Each structure stands twice: as structure tokens, then as C-alpha cells.
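Work the whole structure out from these sequences, hints included.
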Amino acid sequence: MALLTCKNLSVGYDGVAVASGISFSLFSGDYLAVIGENGAGKTTVMKTVLGLIKQISGEIETGDGLKRNEIGYLPQQTAVQRDFPASVWEVVLSGRLSKIGLRPFYDKEEKRLAEDMLEELNIAHLKKRPYHELSGGQQQRVLLARALLATRKVLLLDEPVAGLDPIVTTEMYETIENLNKKGTSVIMITHDIAAAKKYANKILYIGANVFFGSKEEFIKSSDGKIFGSAGRNKK
Amino acid sequence: MTEIAERLYYGFFYLPTGIYALIVSVLVALCSSLLGVTLVLKRFSFIGDGLSHVAFGAMAVAAVVGLTNQMFIAMPVTIICAVLLLKAGGRAKIRGDASVALISVGALAVGYLLMNLFPSSASGSISADVCSTLFGSYALVTLTGAEVWLCVVLSVVAITLFILFYNKIFAVTFDENFAVATGIKANLYNLITAILIAVVIVLAMRLVGSLLISALIIFPAISAMRVFKTFKSVTLCSAILSVICTAFGVLLSVVIDTPVGPTIVCVDIIVFFAFWLIGSLKGGKAK
Ligand SMILES: Nc1ncnc2c1ncn2[C@@H]1O[C@H](COP(=O)(O)OP(=O)(O)O)[C@@H](O)[C@H]1O
Ligand SMILES: [Mg+2]
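Protein chains in written order, with my numbering: chain G, 1 to 235; chain A, 1 to 287.
What the hints contain is simulated information worked out from the structure, not anything from laboratory work. These figures come from a predicted structure and were not determined experimentally. We treat Cβ as the ideally placed atom computed from N, Cα and C, and that holds for glycine. Just so you know, not all the hints are guaranteed correct.
As the list claims (entries may be wrong) - Going by beta-carbon spacing under 10 Å, a handful of chain G positions derived as facing chain A:
#: 1; residue: Gly72
#: 2; residue: Pro85
#: 3; residue: Leu97
Written out as C-alpha cells, the structure is:
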């Protein structure tokens, strides 16, 4: 059974659709790349999947024991304020917040999990640094650590490498690939078609037409020229 | 030196009410600085300003009706407005801004009009009434026993709530979307924040008056942010600064015989410049 299934989803703001006819499903272990031009509505679709905004029509179902709030989320970078006073430790630990329920503070176990996560993502040395003084790549790792502390089942990444230099980009992709191999299902929004073809096993294209299928189907149907007028795909 | 001590003693500590006044001001300062951090970070400072005018209007209505304890009207009215404004602010940015301006200017005008139409018999002078509502009482010793207790209880409740929800408030302020996505009831914490803000504003009315409340809420937070870079250190620093500045301001106002509210705010301003300087020096060295 699929972890996540969207059927004929139509999404937008205040009743006005920005993208519609979106159907896809995510199975355990999948690496789904979501591609499409700027403003096509990729972020909006994902916000809808996360329950941050309501869909206009269509259905979102979770299965295989996944709950709607068990999707870890790495927002598009602009979502987090600049100059916000927060240490790396504070940010990472806040990923655990949904697990503490009515308790006001984190316990030892939760702090240990957060320490381990810092180690795993190689950012332990940044623990006490202010978040907003880090480089873009370091910030993304911190947010990744936070998302993974919330859940390891499904990870949703909104343009995780936007604005990063090539070396850091490759590192980030490798980190995500490793997580995927360890069993985390990944949904990654990206502009980078080459990366989508390299790492993903399924592809969702959002645009004038919507495509969803395996990477092989995608490559065959579009011959890789998906952006612009060449993007003629079957529904 | 002895003269200062004498002034402090007879003007303040001689009466138990002087001590009460000091305790109340410190508690109110503590509450407002704690919330100030969130308010500034959420870019909601203007809501604090709007609400203080609402509280002014509500106080005026209460005075006209002839209530001895004006908080009983001011408190619920301000809480309701806080909840409404926060909702409006969350939806559409521009309309939220305009609605705050509308409500705040409206409340100010209606309040002043009411005070003129129905002058309260007790104090006799409208301008004195208006002045003390806008800029705070001249001296805090005028607080009655019931007011002191109400202030103490509400402040302690506000501070306790803040500590209990500290981690949640941080998460919702830092990244509301992430919090909601992982199942945190952000709306609930926004509501709690709004109610706390309203409570603090009504409490602080007596201390610094409705026009100066924003200063009490904002100055300690932005001073702390000049120098400190983590949420915990900013919150702690802001609380400590606010308590020290307020206590110092209250005592200073007795010694140099100035109105309490503006004295506190001036101390806050001086401290802000000091921290701004420290912050720029530190920043300069780091680079
Ligand atoms: N909060 C919002 N309210 C109204 N419209 C929005 C909002 N956010 C984005 N949009 C609009 O929705 C469309 C899709 O945006 P988005 O989902 O961010 O695109 P993408 O992530 O694919 O670049 C854009 O035209 C954008 O202007
Ligand atoms: Mg986007």
C-alpha cells in the first residue's frame, strides 16, 4: 500500500487554483522528484500535502501506518527569517517538539537523539553557533536535522540545493541519497532535471500538463526536454 | 547622597505601597519583555501599539460607566481585539496593517471624546485624567490594594504560561509552517500569545500609560538582540534588562521627581544605545 496518494488534486489560494489534475503516489523507499517551472505551483502542492493549506478539490490519503503529521519538511529557504536569534541546537531540537506533547521541556532522551542527529549530518561542531550566521549549505543541514528528528518515514525537501555552490550541492544530494537508502522515502522539489534523473526513481512534473511516472517513463516520453514548449506529456 | 536616600525613603519605602508599586512594576516589566521577543520577531510590534490604544478607549468607557476597577472592562475588550487583530494579521498583510490603524486611532478618538463628554467626578480635571491614561500615573504609589493583587496574580500567570510554553512559542515563532506540518497546534499558541499580550498591555497601562507601553515591550527585546544571538540568551537578557531598567526608572523618578512612565522609557532608550554600541563593536571585531 502507498504511504501517500493524491488523486486529481487541485491546489491554490482563496479558491483560485494554481495547479490542478495532480495525481501521484509515494511508496515506501521511493525517491520522488517534483519538477516544473518557477511559479508552477510545486510549493503549493507540497504545502497542501502537509496540511498547511486546504486543497480546492481532490483527495489526499495516507496509508501504510503513515500519519499526515509524520512528514518531515525542509522549507524553501526564504521561509525562515533572517537575523532571527536562534542557535543551531535550538533549531534542531525544535524538530522533536511534536513528540513532547504537554510536557514543557525536552528530556534527556530527546536531547541525546538531537546530539546523534548532529553527528550523523556532520554538524556537531556548529551546535552553539547562531543559525543565521551559517552558510547556506550549513543552514540546509541544520533544517534537515530538524526534519529528520520529527520523522524518518517521509522527508519532503523544497529546493534543498537552491543557492548552494556545486560542491555543497553534491554533498547535499549524497546525504539525501544515503537517507533514502536507509529507508526514508523522499519527495524532493527541484529545478535540477539532471539530479532528478540521477537520484529519483519517480518523477512528478507540474506545469500546463501534469506527468507522473517512473524515471524511465519520464525520460522516454519527454526525451528530457520537459521545460518549455517541448513538455508535451500524457496525463 | 543622604538627600537621595531620604527622598527614596520618604517618597517610596516609607509606605508599604511604595514597595508594592516596585514589585508590580518589576513583574509587569518582566511579562512585557518576555512577550516582546516574540512580538518583535513575528513583526507584530504594531499590534502591541494598536492594542494599547484599544486599552485606552476601554479604560475611558470604564471611567464613564463609573467602575472603580477599570481593568474589568479594559481586560476583556483588549483580549478580544488582540485575538481579532492577530487573526487579521495572519491572513492578509496589508489589510491587517490597515485594520490595526483603524482600530487604534478609532479607540483613541472615542476614548478621548467620552472622557470629555462625561468627565469623571473623582479627579475633576480632564487633562489630568487623559494625561495619566496616556503617559501613566505620575507616581505609582496611587495603586490600590486590589489592583496590586490583580497585577501580581495576572503577571505570575502570564510568566508561568510563558515558561511552560517556551519551547512551543520558540518553534511557532521561528517557523510556523514546520510546526504546523509536524502537528503542533500553532493557532492555539498564537491565541495564547495574543491573550498574554492583551493582559500585559492592560497591566502596563498603569505603569507607563497607553502611549508608552510599546516601548516597555519592544526596547528590552531589541536591545538584547543587538548583542545576543540565541533565543534563550535573548529572552533572558531581555527579561533581566527590563527588570533592571524598570526598577531603576521607578526609583529614579522618585529621586529626581519625574513622571514614572517616561523615566522608565528613557532608561530603556539609554540602555538600547549602549547595547547597540556593544553590538556594533562586537560585530566589527568578528569580521
Ligand atoms: N501565499 C500565497 N497567496 C497567493 N498566491 C500565492 C501564494 N504563494 C504563492 N502564490 C502563487 O501561487 C503560484 C505558485 O507558487 P509556488 O507554489 O510557490 O510555485 P513554485 O514553488 O512551483 O515555484 C505563483 O503564481 C504564486 O504567485
Ligand atoms: Mg517553490
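Does the closest beta carbon of chain A sit nearer than 10 Å to the beta carbon of G/Leu97? Holds - the Cβ of G/Leu97 comes within 10 Å of chain A, reaching about 5 Å at its closest.
Does the interface hint hold: is G/Gly72 within less than 10 Å of chain A, judged Cβ to Cβ? With a closest approach of 8 Å, the G/Gly72 hint holds.
Measuring from the C-beta of G/Pro85 to each C-beta in chain A, is the shortest one below 10 Å? 4 Å, holds
Every hint, counting from the list given before, is met by this structure.
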